[in-house]
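**Q** Sequence:
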Amino acid sequence: MKDFREILNQYEPKPLGQRRRYAVMLPLVWNSRANSWEVLYQVRSEAVSQPGEVSFPGGALEGNETYEEAAVRETMEELNLSANQIEILGEIDYMVNNRGSIHCFVGKLAIENWQDIKPNEEVARLFTISLEALMQEPPHYYRLKTAVKPSTDFPFERIRNGVDYKFTHYDRKIPFYELVDENIWGLTAQFTHRFTEILDGNE
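Residue numbers (full-length UniProt numbering): 1 to 203.
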């Protein structure tokens with residue numbers, strides 16, 4: 001029993017099935033003309049996976065870096081910013097799925113005009129939405145149900161109800177923002193919505 005305790009005391013728990021670790025940055029920029037905060041989004045270029053989708057700067061952790069370090073590094077690389085132009089304000093709720101864990105940090109960008117940003121080849125273009133508008137109009141959640149397709153090697157006969165077993169991860173709700181022409185949906189919409197909920201005191 002002593003050996004069990006020593007082994008477990010030295011072990012760092014992590015999500016089951018986690019294959020990779022990711023971090024993203026939710027960037028805030030100040031609009032001096034409108035006297036308001038805005039959230040900066042980027043549209044992924046054709047040079048990367050999921051081209052054309054709206055996202056936040058981010059990517060996989062490298063080496064022994066922390067989630068926060070990865071979020072800052074990816075933001076520096078994708079937006080061509082220096083470290084002193086990024087101020088981390090804090091971390092919000094994170095996501096765990098079958099691909100890995102994704103942590104989201106909120107950061108303030110110390111720039112005069114976000115339109116002066118010259119992103120790297122991973123980013124097709126940038127745009128902003130006022131934080132006030134995002135707080136006033138939350139996303140709409142659409143229900144997505146997928147069916148289990150029986151395969152020849154999965155032992156459904158060993159499970160009560162077989163293919164009719166209620167596999168919970170096949171029933172999801174996916175958010176889409178309707179307030180702008182830009183298609184903000186999925187994880188980016190979910191992190192955005194959670195941030196506005198936290199600001200609104202909805203724990």
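Don't take each hint at face value.
Claimed, not checked - In silico DSSO-like links for lysine-lysine, alpha-carbon gap of 30 Å or less:
1. K145 with K166
2. K149 with K118
3. K108 with K118
4. K149 with K166
5. K166 with K14
6. K118 with K14
7. K145 with K108
8. K14 with K145
These are computed hints drawn from the structure, not numbers from a lab.
**Q** When the hints from earlier in the document are held up against this structure, which numbers fail?
**A** The structure breaks hints 2, 6, 7; every other hint is satisfied.
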